[in-house]
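A.B. asks: Residue numbers (this note's numbering), protein chains in the order written: chain A, 48 to 134; chain B, 2 to 291; chain C, 1082 to 1459.
Do not take every clue at face value.
[Stated by the list, open to error] DSS-like mimics (lysine-lysine), calculated; alpha carbons at most 27 Å apart, straight line:
hint : chain 1 : residue 1 : chain 2 : residue 2
1    : C       : K1346     : B       : K60
2    : C       : K1282     : B       : K60
3    : B       : K291      : C       : K1285
4    : B       : K241      : B       : K158
5    : A       : K86       : B       : K241
6    : A       : K61       : B       : K59
7    : C       : K1083     : B       : K287
8    : B       : K241      : A       : K64
9    : B       : K59       : C       : K1285
10   : A       : K93       : A       : K109
11   : C       : K1346     : C       : K1400
12   : A       : K86       : A       : K109
13   : B       : K59       : C       : K1271
14   : B       : K245      : A       : K86
15   : C       : K1083     : B       : K291
16   : C       : K1279     : B       : K60
17   : B       : K202      : B       : K59
18   : B       : K60       : C       : K1455
19   : C       : K1282     : C       : K1339
20   : B       : K291      : C       : K1346
21   : A       : K98       : A       : K64
22   : C       : K1339     : C       : K1403
23   : C       : K1339     : C       : K1291
24   : C       : K1284     : B       : K59
25   : A       : K61       : B       : K12
26   : C       : K1339     : B       : K60
27   : C       : K1400     : B       : K59
28   : B       : K59       : C       : K1282
29   : C       : K1339     : C       : K1400
30   : B       : K198      : A       : K86
31   : A       : K109      : B       : K245
32   : B       : K12       : A       : K64
33   : A       : K98       : B       : K60
34   : C       : K1108     : B       : K207
35   : B       : K60       : C       : K1285
36   : B       : K287      : C       : K1108
37   : C       : K1279     : B       : K59
38   : A       : K93       : B       : K12
39   : A       : K86       : B       : K158
These aren't lab readings, by the way, just hints derived from the structure by calculation.
Below, each chain spelled out in residue letters.
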Amino acid sequence: MKYWRRPLDKNKIKTPKGHIYVIPDRCKGCGFCIEFCPKGVLEESKEINRKGYHLPKIADGKEDDCMNCDFCMLICPEFAIYTEEGE
Amino acid sequence: MSAKGAGNEGKIETVEEHPLDHILRQDRLPHIWCPGCGLGSAMTCFAQAIERVDIPLKKQVLLSGIGCTGRIAGYVNVDSYHTTHGRAIPFATGLKIANPELCVTVFSGDGDLFAIGGNHFLHAARRNVDINVICVNNFNYGMTGGQQGPTTPVEAKTSTTRYGSFEHPFNLPYLAAAIGAVYVSRWTTLHCRHLEKSMEKALQKKGFTFIEIISPCPTGFGRPNKLGEGLEELRYYREKSVIKNDASWDELELHMRGEEPVVVGDFVDTERPTYLELEEQMLRAKGLMK
Amino acid sequence: MKAVLTGSHFMLGDIACAEGALAAGCKFFGGYPITPATETAERMALRLPQVGGHYIQMEDEIGSLAAVLGASCAGVKSMTATSGPGFSLMQENIGLGIVTETPCVIVNVQRGGPSTGLPTLAGQADMMQAKWGSHGDYEAIAYVPNSCQEMFDFTIKAFNTAEKYRQPVFVMADEIIGHMTERVVIPGPKKIKLVSRKRPKRKKNYLPFKPDKDLIPPMALAGEGYGIHVTGLTHDARGYPVIDEETQHEMVTRLIEKIRRHAPKIWEFEEVMTEDADIVVVSYGAASRSAGRAVNIARKEGIKAGLMRLITVWPFPEKRIKELAESAKAFVVPEINMGQISREVERFASGRVLSVTHAGGGMLSPEAVLQKIKEVAK
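Whole structure, please, built from the sequences with the hints as guidance.
C.D. replies: Below you can see the structure in the form of structure tokens.
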């Protein structure tokens, strides 16, 4: 039955691509965007902002995985991250 | 997507502005809420919702009472009134009746709306005044340092229930539905997308609407109740929450401990003439309105 | 149906108050039934729908005043009417009205207190509550009618003053005046002078709490596109909360000065035979009717008595008391309480001040006042 799970029009459907932006000094390092990104695109970086919080970064191998779902924007309590449609 | 180069792998492109910045009072940010608090997420969803609905921002009015949630009115860039403790609903009632063109939303906390302001909530819903009430429920009085409130679950620890709370808490959706709210929903701050859609719906719906937002309060509730910081509280919601629009009222009791689920969803969506509609209809019948 | 019922009427004091409000342009009443002010609410419930206004019966007096403030912020002249217990519940939002500079009128048809006291019988014991009832420093404005005509006239005055200075204004009536029926003459609408709150002229650089030279800031309404923020927290000219000593000093001193500086324009009183008076009787409201009679009898008996009747108790006309104190030998202050305004007179009169008290529940008699005048005259 496995092949039934593969939509017949799979080749016609284009998965949206997203581009992530961050406003570094607004981040309070709560980790919400990292934990709850549906595609697991983000991870904590070593980089810290002016307040001393660790910013998110894109995890290895996930560079092309953002789908512009905007979940990180909605869940970020600090208005510090958002996505836009990418190329 | 990422800037390639030594030491910069995975670095996200940095910018200075956010697409929702115009909805916020930039000169008042950063806000006062703790890291891990859910209020910022609730505010983002609201900012997104008021931008998406087909109601001009200048016709939107945001009110709040006192407490951490009460500060939301000060951050959103629409006409906003930060009233006395518990009194945002009657203030909003006067505002809406005096100018029915306004889209009026009260955004406040569980203590403000249901302890000191409880009676006003009952009567505004009963009258079906066309206002939206959004309650951020974090199960305690956060601003004053985590005291027990009207939604604190039985056995929960707060700074005034050191041996655990032995009061029964409100079941807010049940309460709102019982007194006549035309739209009732509950989400956690993890359910951003559902929450944002619910807010859009409430803003556009005629009559008294109610949304409960279950939110982490790492300092006042998460830590003393071993739910952890904001992130752990959200993980708890992920694990325990169940979307069930046709849940029975009993299922909507919140325990916030053990294996008990956190049931969320859209529970009521109905129609009932609003206060102003009934007033108009009856006065017209008496020849007092053209 | 007309808002102004021009003509001569035989009218209950509480109803005259409602008609005064309508003549002043009031279009919103948020209230809660309470004796002896209920007739004002009932009249407004009947009349407001006739003139395109709204009457809403709230769940309590806290909600009533909150709704009144909300309606005023939407640009509608608004009021409530209550009595002692309700006035106590309103104190919190009176503070909000003061600090957010929201015009409205609060009528207190006083009854005997404390607590539930004497619901159906008169008192004047909320005079100091009107001044100091809400927490924090502020200046109150309170009119005190002593006839049904004044219930009409002073309610209009109260609206005008509230609109002009942007703050809640009290009409401190009492059960005797509220429940008395007398002739009330209502003039034509054109003869009634009305004041409306100052409005901002342009959006550019508008700061909602930046005052003009008269210390009064122009008021933007909800829904006009100013994007104002209004808070009960201590705030700066933008209306933003600022929790520090400097902002507190600036805000509180301006709110106080806004009234103090204009006090000589706000305070009102009426004098009868005070020019040569040795004994000045200072009274207000229902009690002043007995005081007037006592002064007349005293004069007939050869005692040089005069009457200063307060129209505003707040701001208190301290300057005039000081002037009268230069020639008067004594002041007699009859009031239906245990000596509230008598102490205020004492603050400014250098001579003797004698109180004529009444615990409430009835009219203070002219004889009691006359007796005190005679005692002093000896």
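A.B. asks: Hints first: check each against the structure and report whether it holds.
C.D. replies: Consistency of the hints with the structure:
Distance hint between K1346(C) and K60(B) is unfulfilled; the C-alpha atoms sit about 38 Å from each other, more than 27 Å. Among the hinted pairs, K1282(C) with K60(B) is consistent with the structure: their alpha-carbon atoms are about 20 Å apart, no more than 27 Å. Restraint check for K291(B) and K1285(C): the C-alpha separation of about 38 Å exceeds 27 Å, so the hint is violated. About 20 Å separates the Cα atoms of K241(B) and K158(B), which keeps this hinted pair within 27 Å; it holds.
Restraint check for K86(A) and K241(B): satisfied, since their Cα atoms lie roughly 21 Å apart, inside the 27 Å limit. At roughly 38 Å between alpha-carbon atoms, K61(A) and K59(B) are farther apart than 27 Å, so this suggested pair is violated. Our distance criterion of 27 Å between C-alpha atoms is met by K1083(C) and K287(B), whose separation comes to about 16 Å. Distance hint between K241(B) and K64(A) is unfulfilled; the C-alpha atoms sit about 31 Å from each other, more than 27 Å.
A threshold of 27 Å between alpha carbons decides the hint, and for K59(B) with K1285(C) the separation of about 16 Å falls inside it, so the pair holds. For the suggested pair K93(A) and K109(A), the alpha carbons sit about 17 Å apart, so the restraint of at most 27 Å is met. Between K1346(C) and K1400(C) the alpha-carbon distance is near 12 Å, which keeps this suggested pair within the 27 Å criterion. The straight-line distance between the Cα atoms of K86(A) and K109(A) is roughly 8 Å, inside the 27 Å bound, and the hint therefore holds.
With a C-alpha separation of about 35 Å, the suggested pairing of K59(B) with K1271(C) is violated against the 27 Å cut-off. Between K245(B) and K86(A), the direct Cα distance comes to roughly 25 Å. Compliance with the 27 Å bound is thereby established for this hinted pair. Annotation: proposed proximity of K1083(C) to K291(B) holds, straight-line Cα distance about 15 Å (limit 27 Å). With a C-alpha separation of about 22 Å, the suggested pairing of K1279(C) with K60(B) holds against the 27 Å cut-off.
A distance of roughly 19 Å separates the Cα atoms of K202(B) and K59(B); the hinted pair therefore holds under the 27 Å criterion. Between K60(B) and K1455(C) the alpha-carbon distance is near 66 Å, which puts this suggested pair outside the 27 Å criterion. Restraint check: the Cα-Cα separation between K1282(C) and K1339(C) comes to about 21 Å, which is no more than 27 Å; the hinted pair holds. Pair hint K291(B) plus K1346(C) does not hold up; C-alpha atoms about 42 Å apart against a cutoff of 27 Å.
Under the criterion of a C-alpha separation no larger than 27 Å, the hint pairing K98(A) with K64(A) is inconsistent with the structure, at around 31 Å. Using a Cα cut-off of 27 Å, the hinted pair K1339(C) and K1403(C) holds, with the two alpha carbons roughly 23 Å apart. Distance restraint check for K1339(C) and K1291(C): the Cα-Cα separation of roughly 12 Å lies within the 27 Å cut-off, and the hinted pair is therefore satisfied. Between K1284(C) and K59(B) the CA atoms are separated by roughly 13 Å; this keeps the pair inside 27 Å, and the hint holds.
Taking the CA atoms of K61(A) and K12(B), the gap is near 26 Å; set against the 27 Å cutoff, the hint holds. The suggested pairing of K1339(C) with K60(B) is violated, with an alpha-carbon distance near 31 Å, which exceeds 27 Å. Note on K1400(C) and K59(B): the hinted pairing is violated, with a Cα-Cα distance of about 47 Å set against a maximum of 27 Å. For the hint pairing K59(B) with K1282(C), the CA-to-CA distance comes to about 18 Å; that is within 27 Å, so the pair holds.
A C-alpha spacing of about 18 Å is found between K1339(C) and K1400(C), which places the hinted pair at or below 27 Å, so the restraint holds. Annotation: proposed proximity of K198(B) to K86(A) holds, straight-line Cα distance about 22 Å (limit 27 Å). At most 27 Å may separate the alpha-carbon atoms for a hinted pair to count; K109(A) and K245(B) exceed this at roughly 33 Å. Between the alpha carbons of K12(B) and K64(A) the distance comes to roughly 17 Å, so the proposed pair stays at or under 27 Å and holds.
For the given pair, K98(A) sits about 37 Å from K60(B) by alpha-carbon distance, which is inconsistent with the 27 Å threshold. Restraint check for K1108(C) and K207(B): satisfied, since their Cα atoms lie roughly 24 Å apart, inside the 27 Å limit. Only pairs whose Cα atoms come within 27 Å are accepted, and K60(B) paired with K1285(C) is accepted, the gap being roughly 19 Å. For the hint linking K287(B) to K1108(C), the alpha-carbon distance of about 19 Å falls within 27 Å, and the restraint holds.
Restraint check for K1279(C) and K59(B): the C-alpha separation of about 21 Å stays at or below 27 Å, so the hint holds. Between the alpha carbons of K93(A) and K12(B) the distance comes to roughly 10 Å, so the proposed pair stays at or under 27 Å and holds. In summary, the hint linking K86(A) to K158(B) is not supported, as the alpha carbons are separated by about 36 Å, beyond the 27 Å threshold.
Taken one by one, the earlier hints fail for this structure at numbers 1, 3, 6, 8, 13, 18, 20, 21, 26, 27, 31, 33, 39, listed in ascending order.
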